[in-house]
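Visitor: One-letter residues, chain by chain:
Number of protein chains: 2
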Amino acid sequence: MSNLIPAVKWLKKYDLKDLKGDLSAGIIVAIMLVPQGMAYAMLAGLPPVIGLYSVTLPLMVYALFGSSRQLAVGPVALVSMMIGTTVVNFAETGSAEYINIVLLLSLLIGIINLLMGLFGLGFLVNFLSHAVISGFTSAAALIIGFSQLKHILGVNLAGGHSVFHLIIEAISKIGETNIPTLIIGLASIVILFSLKKIKSPIPAPLVVVIGGILVVRLLNLEAVGVKIVGDIPGGFPSFSMPEFNLRNINALLPVALTIAFIGFMESIAVAKSLAAKDKYKIDSSQELRALGLANIVGSFFSAYPVTGGFGRSAVNYQSGAKTPLASIITAILMIIILLYFTPLFYFLPRAVLGSIVMVAVFGLIDIKEAKHLFEVKKSDGWILVVTFISTLLLGVESGILFGFIYSLSVFIKRSAYPHIAELGYLEEEGVFRNVERYLEAKTYSQVAIIRIDASLYFANMNFLEDKLCEIVGDRVNLKSIILDFSGINDIDAVSIGSLEELMTECKENRVEFYFAGIKGPVRDVLKGAGWYENYGDKIKYLSIEDILVDMKLLND
Amino acid sequence: MSNLIPAVKWLKKYDLKDLKGDLSAGIIVAIMLVPQGMAYAMLAGLPPVIGLYSVTLPLMVYALFGSSRQLAVGPVALVSMMIGTTVVNFAETGSAEYINIVLLLSLLIGIINLLMGLFGLGFLVNFLSHAVISGFTSAAALIIGFSQLKHILGVNLAGGHSVFHLIIEAISKIGETNIPTLIIGLASIVILFSLKKIKSPIPAPLVVVIGGILVVRLLNLEAVGVKIVGDIPGGFPSFSMPEFNLRNINALLPVALTIAFIGFMESIAVAKSLAAKDKYKIDSSQELRALGLANIVGSFFSAYPVTGGFGRSAVNYQSGAKTPLASIITAILMIIILLYFTPLFYFLPRAVLGSIVMVAVFGLIDIKEAKHLFEVKKSDGWILVVTFISTLLLGVESGILFGFIYSLSVFIKRSAYPHIAELGYLEEEGVFRNVERYLEAKTYSQVAIIRIDASLYFANMNFLEDKLCEIVGDRVNLKSIILDFSGINDIDAVSIGSLEELMTECKENRVEFYFAGIKGPVRDVLKGAGWYENYGDKIKYLSIEDILVDMKLLND
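From first to last, the protein sequence lines stand for chains A and B.
Under this note's numbering, the first residue of the first sequence is numbered 1, with each subsequent residue one higher.
Under this note's numbering, the first residue of the second sequence is numbered 1001, with each subsequent residue one higher.
Just to be clear, a hint being listed does not mean it is correct.
What the hints assert, rightly or not - When the alpha-carbon atoms are kept at most 25 angstroms apart in a straight line, the in silico SDA-like pairs for lysine to any residue are as follows:
| hint | chain 1 | residue 1 | chain 2 | residue 2 |
| --- | --- | --- | --- | --- |
| 1 | A | K368 | B | Y1532 |
| 2 | B | K1281 | A | P6 |
| 3 | A | K281 | B | Y1532 |
| 4 | A | K281 | A | P6 |
| 5 | A | K272 | B | M1461 |
Said to hold, decoys possible - Here chain B is said to cover these stretches of chain A; the calculated rule only asks that three of the stretch's residues, wherever they fall, bring their Cβ under 8 angstroms from a Cβ of chain B:
| hint | segment |
| --- | --- |
| 6 | 232–243 |
| 7 | 369–381 |
| 8 | 418–429 |
| 9 | 516–529 |
Bear in mind the hints are in silico, worked out from the structure with no lab data behind them.
Ideal placement from N, C-alpha and C gives every residue a C-beta, glycine not left out.
The following block holds chain A by itself, in its conformation from the complex:
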């Protein structure tokens, strides 16, 4: 039973003294989620109520199946924006068709997550390197931030894939600004920042939401063109199956895959950091299954894709959540709000929701990380910058793809042209080191000791051959080449073939090869290729010293 529904485990041994923390966290997150859910739904091009629907059943499902005790799932800014910018290619924003496609996307994302979880494919998120993610997130935050300009200015902006389109359009329409809307928007941005800075115990979004509703209602600002949320259909969402056909699914699949990956990466990162604080383990496959089920169930009840969010989970943790019961409490409160309190939000100005999104994503822009990467490793820094710029210019989907391809190219280029060092003997320390870094290292005219700092595979053998041929060509007295294999962690069949050819060719030139420090896993592969029989005397040495002793160049 506890294998089928992991929640059984923590429910069985639930400690009543955790209830206080769970209850207070559940309530605070619910209060936070009302404006956030509506704001993110708007960002995704959906009616605000869909955002509220998304924090009911999916939260409960995750609480039952997840492995994190404090992760607060729900709509997140990044995923919402990706939905907003991609689904618009399939249907008109706000239409019934649009909502249907988003729900279908939710179903697909759920299925992808579930399958990845069942097949233990969580490691696949490593496709995207940290630098790509960091550059992408900062750019996406800028795009999201600027996309809210229309709500703050109170004008219609068609927007586009890139930030620059948005800015140009906003400037050209600056004359149409609705002044009351702008004042509300700017005021709530100031309030959100200030309350965040003084670490107010009252949730800032709640303050601006209540303030916004009161101001619009009391001053009757709707009449002067301030856009409000309006009617939110009350009640619990009814069961419905997203409509689909094969063409739809084919077209949505790349989007669904991208969102499923990005969403899961954010979620697992948050879950792990919270788990580390409370010293327990996160099971990434179980997380995938839980998120998958949450989205599948959600898609049948008008919920759009959810995943674990940074800010929300941090609030959940700090408010004392000890078990997933906190999320269940949140979900119950959301259902109560949906059943009885939606009319309260009628006068909520959209500018307030826009400002909540803006301030939320502002924290995602990470300039420090870029600086840090450039200090530690330039190539990682450039990957971040390239991904950042390409995301700004090409939009989120193409941007992250471009960043990924660029990072892969850097990686392939590096592994195709690996670092190779000629070693000399440091007599005092008794070790072999790069002669370019240790000028005192002793070398031998008839022996070249070469260390290769990369696993060998088909793609870098050409480079290695060239380098070794150069060495053989340059040195007249050369009799032997010793390859230090201590840095070679892996080898493939093609490179073994190339090595054999190289050895035969060099033998014709009277240069012999020796191999030192071959590791177990590489030894196993060489055994399969018959090297124990054919080159036993060349690969038997455990260290470079042994070979030099055998050559009588070094004393035992």
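Chain A is already provided as a structure; the job is to place chain B on it using the hints.
Guide: Same frame as chain A, now just chain B:
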């Protein structure tokens, strides 16, 4: 001048005694190219004459700009088939629109190759591993072979993306077989194989082409339903620009990229193997520029994509080609044939062309390679098999993509869960080795010596942390962990951060970290991260011995 047109170099110092070889190779390749060009064009869904156009100007352009002396460019089976199976999605086979799209594809491929050459991106072909290529080629050969069934049987087969569709359709239509066509087809297959086996000096394709023409003409087989090549418009192709719009280009780009990659991989592999035989160098960027220009120029003169071919280049080399003049001679002969001799091929049966393709691709199926890979390295063998099966089931484009993603997954999985060994001291040899492989290795209760066989990056740090925490948890007396960094060829900023955290945590448990044998490139990165200041005493050691001596566990 010789930088702009590399041919100037070899033309300047052309040795007249090379002329005999170049002339004979040029003639033999031309004879071979007439049927091959027509057959491959048919495979690509094009009128046979396009295949002849493709071996005129593009050959001359390649001869002027390429770096290989013996590479014979022209249409190849693999690329032709990829064109045939993909362009059919954009226009009806054989229509003017179809031809236009193929020429546009040729232009795109040329531009991609040229750009890759100008930016020195030849290393990008390493995206595809050897095992993927091998599995893909074998599967594609099967698909190509079976796709010729319609010509051999003389029936109309719509075909599909997968081999199984083809076979099922062929069986269902077996009753419609045209017996004379079948006899011609089978006879030419037998002749092609036999002449190949006895290493006949007369080119086998020429024999079956002449035989086929004579038989059809003398027995008037056209009247009994044997399909023939028919009218080939004579004369040199006129200049024309492929028509295009942005939507076309967008849709064709993935196809063009795939073909450009695959085509270049085949070409560079052949060029390199011939260059190795004659001991000269191939410049991969120059090759890309030459192929790019050849295809760009070709696309303006009704030529479809060309690249260096295996079989043809081997024939060129064996027939004595010494310089690219051989290819220029071939091209001139082809132009003469186009001007005066196309009516000769009127009665050529299509079944003969089909049999030439079938026999040509049969040689590409490589079962030995699969066996070899399984013997040497199982995971590479599985990559080959997965790519082979996915190509058969999903078709060439999706098949190679699937194979690529699978090979990437294997790679990522392996680097996310690297091999980690605990080391012990072999007193006799004075080296440290895996205690599981060397049971006699001496260990110390208060020190764990751990060797990590992978470069460290964000994706494998979790695994490493888990492993190290396990070790710290298991051993009560543990005071120090020595990490052997000799196998760590690279490190990224995220993993440095994780290591720092780990060291702080373990310090609380009174376990200290030491690092041995850090390589230069890794040292540089650690320096950037401030480790020289913060952990100078932990990373100063060149070898594990030094640390143990300092700990007084080993004598100096």
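Visitor: All the hints need checking, so say for each whether the structure fits it.
Guide: Tested hints:
1. Restraint check for K368 of chain A and Y1532 of chain B: satisfied, since their Cα atoms lie roughly 22 angstroms apart, inside the 25 angstroms limit.
2. A C-alpha spacing of about 62 angstroms is found between K1281 of chain B and P6 of chain A, which places the hinted pair above 25 angstroms, so the restraint is violated.
3. At roughly 33 angstroms between alpha-carbon atoms, K281 of chain A and Y1532 of chain B are farther apart than 25 angstroms, so this suggested pair is violated.
4. Proposed proximity of K281 of chain A and P6 of chain A is supported: the alpha carbons are some 13 angstroms apart, at most 25 angstroms.
5. For the given pair, K272 of chain A sits about 13 angstroms from M1461 of chain B by alpha-carbon distance, which is consistent with the 25 angstroms threshold.
6. Evaluation of the coverage hint for the segment 232–243 of chain A: breached, as 0 residues show C-beta separations to chain B shorter than 8 angstroms, against a requirement of three.
7. Here's how the segment 369–381 of chain A fares: 6 of its residues keep a CB closer than 8 angstroms to some CB of chain B, so the rule of at least three is met and the hint holds.
8. Check on the segment 418–429 of chain A: 5 of its residues sit with their Cβ under 8 angstroms from a Cβ of chain B, so the three-residue criterion for coverage holds.
9. Interface restraint, the segment 516–529 of chain A with chain B: holds (7 residues with C-beta to C-beta distance below 8 angstroms; minimum three).
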